[in-house]
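Student: Quick note, the sequences are listed as chains E and P, same order.
If you count by the numbering used here, then the first sequence holds residues 1 to 437, one letter each, in order.
If you count by the numbering used here, then the second sequence holds residues 1001 to 1437, one letter each, in order.
Rather than coming from a laboratory, the hints here were simulated on the basis of the structure.
We put the CB at the ideal spot given by N, CA and C, even for glycine.
Among the hints, erroneous ones may be present.
[Claimed, not checked] Straight-line distance between alpha carbons at most 30 Å, and here's what the computed DSS-like set of lysine-lysine pairs gives:
1. K1242/P x K238/E
2. K238/E x K1238/P
3. K242/E x K1242/P
4. K1125/P x K125/E
[As the list claims (entries may be wrong)] Coverage of chain P stretches by chain E, computed from C-beta distances (three or more under 8 Å per stretch; other residues unrestricted):
5. 1065 to 1075
6. 1206 to 1218
7. 1303 to 1311
8. 1329 to 1338
2 protein chains.
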Amino acid sequence: MTPSPASQPEPLKTPSSIARSAEIICVGTELLLGDILNSNAQFLAQALAALGIAHYYQTVVGDNPTRIQQVVTLATERSGSDSKLLLFTGGLGPTPDDLTIETLAALFGAPLVEHPDLLADIEAKFTARGRTMPLSNRKQALLPEGALVLPNPQGTAPGIIWSPRPNLTLMTFPGVPREMQAMWRETAVPYLRDRGWVTTTIVSRMLRFWGISESALAEQVAPYLSQGNPTVAPYASKGEAKLRISAMADSTAAALAQIEPIEAGIRALMQDDCYGTDDDTLASVVGRLLLQRQQTVAVAESCTGGGLGQLLTDIAGSSAYFHGGVIAYANRVKVNLLKVDAAALEAQGAVSAIVAEQMALGVKALLHTDWALSITGIAGPGGGSPDKPVGLVYIGLATPSGEVVSYRHEFSGYRGRDWVRQLSALSALDALRRNLL
Amino acid sequence: MTPSPASQPEPLKTPSSIARSAEIICVGTELLLGDILNSNAQFLAQALAALGIAHYYQTVVGDNPTRIQQVVTLATERSGSDSKLLLFTGGLGPTPDDLTIETLAALFGAPLVEHPDLLADIEAKFTARGRTMPLSNRKQALLPEGALVLPNPQGTAPGIIWSPRPNLTLMTFPGVPREMQAMWRETAVPYLRDRGWVTTTIVSRMLRFWGISESALAEQVAPYLSQGNPTVAPYASKGEAKLRISAMADSTAAALAQIEPIEAGIRALMQDDCYGTDDDTLASVVGRLLLQRQQTVAVAESCTGGGLGQLLTDIAGSSAYFHGGVIAYANRVKVNLLKVDAAALEAQGAVSAIVAEQMALGVKALLHTDWALSITGIAGPGGGSPDKPVGLVYIGLATPSGEVVSYRHEFSGYRGRDWVRQLSALSALDALRRNLL
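Could you build all of it, start to finish, from the sequences and the hints given here?
Tutor: Structure representation (structure tokens):
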């Protein structure tokens, strides 16, 4: 099965997308060797989409001047008379195989000019770290005549913004993602706005769901999926279903105003299955709800081995509501520390509703919290049986009123140990979330 | 700073690399929108490098027949009279925007032919899941005349292996990484070996280090970094330094024989700093050492919140040596459950050597294990002070003889909460590893 391309609408086209387009060209032999995952291409692709700038090609090429020139020539030729923006990543370092700038200068017949202010800046960056600038870094201050500096506040390799001929703009970025992203945001985007590249704004909001499959979600919100602007597209990753609402408008405020009724409509339809938006996680949402109620939680974990506690403490400030827990991997720990009934454990097995419930009650009593979550299951690959297959997991939840409930899950064991453990921890958070609502 | 390109040797060139080369062409509008990270390109790049097949270009193009044809034409033209292998990913699904196969058929003037056996196989896959095959999937049984089937055991979308003209071989894979990788290993690689594409073998071994920086490691093994075959190249990721030894030879056995003395030499130089090779993790190595000694371990975690237990239980079968632990996020849990001295905690603070040591002793007594590890630190972003900055972490280790030691670390707090927590958990494993050796 392919990842539901049918349900993905065509990208929103801006009025200017016919006459203007961008290409992404990533330079680096390490990409051709597969040493590096090309996350820069994804970042720039998302960034272009967010600005409404069309882009139809991405190319990866090694640190080879002939092949770099061939790729650039091709990219400029296939745009015809359109305005073209070429975004380069990589090849700006100080070593002999970092060739992007000199190769572009040679291709467009421009001499390289040393920028004394850049050289001073690079030297200062080395001095600030108590080091002397190696001679090789001197070449990073050489830029093609006529090119603007694209400053790199976080590293020594500056980029350029250069129009070597009409209707063609080149921007170069270093391969280091952190540096590239800062340069994009701080200099490239304002430049593109000033030059009329950004004639419209696309704003997206991701709605996040738990406890419903992507296909079931898509079915329930089907009417929304076929509409034009804003578009609504379903996604799935790591057991979670998502809907992305994208609106195109003249301003961010106008786009947000378009998104609002769509989001409200979907939320009314999906109720508690929608747990949050954008950067929300189940752990952050649970944390917010506990803070609101000024309540606390503890965990008792068997098959997840600490993974649930880790998720809860991913959130800065979680100490306000998370007190801790017991990792009860061995049955002896379940009995001795959590006071699980040894006879029940023997009769029903460690992976059972009764053990999950007693683990939750046990850790709640031990840590004196308002809520307690427990997880016991078979993460695999071994340990399964016809009765209790790999992927069978019980989640226990002890409530402030002293009650306890348990939930039975059968996750796809064939998807592996990590999958079962991750879905177990997230499902436990979701159980608490729904009880907090 | 760029990621040490100077220290990366040129890729090994095979004798046949002049006359034969591959290109990777990834098809999918979702890649142009940045919805998906192009991990397929990295997988295929690594796979080609491992087989010694040269590749100089990767291209991403949307689900658009005209542009796909333009990219394919270009790729075939730039190979001149060389033998060319084009690897396609994506666009094999059942929906109208999955166009790879029909676009290639049209470009090379071949009619599409229905394969009844493929159709039966696709229908059977739906039946096995209790579903009826949608009509749209029928088109996945249509292949260009003369193309071989590249079977997809894990999904409905088959690929093709097709030589539409001399010196040109096309292979298509679905975009789903799991399916693509299985098809590559099970069918594509044997095919390429049979057809003489693989005239040599490159075997790599990754040596893994903890407790030493990439630059310090590179300095110590400097003589190895400048040699030819095998090559040795340094890498770094997530706090870990690595050396990749790559040997090119006529056979795997011969390549391994070349690697062996290099590995032995580096190990003799670096001693215990080298913790393992290839798929080893600190958790798997610690697990192996505990199994050998038939000893057990427990954990007491504060700032990592369960992350150390999760790392230990990543390993299937870890129940043989990992009994569990206490997540002591709140100070009250440290005192009540782990019997940390309240006065010492008050005087020295929760992030101190004495508290780390008492946490380790406490959980060891509670769970009756041979060893116990503890972690207490300031993960940030808040909670730091001039005396105790974000990133300050104490690790405690209680030994079978009843002794306890602690280790003080200052991780780079500015790299964020996740970084501090991850390095804390891994450093705790490393402390146990060195004590087990």
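Student: Could you run down the list of hints and mark each one as holding or not?
Tutor: These are the hints, each one checked on the structure:
no. : hint             : result
1   : K1242/P x K238/E : holds, 29 Å
2   : K238/E x K1238/P : holds, 22 Å
3   : K242/E x K1242/P : violated, 37 Å
4   : K1125/P x K125/E : violated, 60 Å
5   : 1065 to 1075     : holds (count 4)
6   : 1206 to 1218     : violated (count 0)
7   : 1303 to 1311     : holds (count 8)
8   : 1329 to 1338     : holds (count 5)
In terms of the numbered hints stated before, the structure departs from hints 3, 4, 6, listed from lowest to highest.
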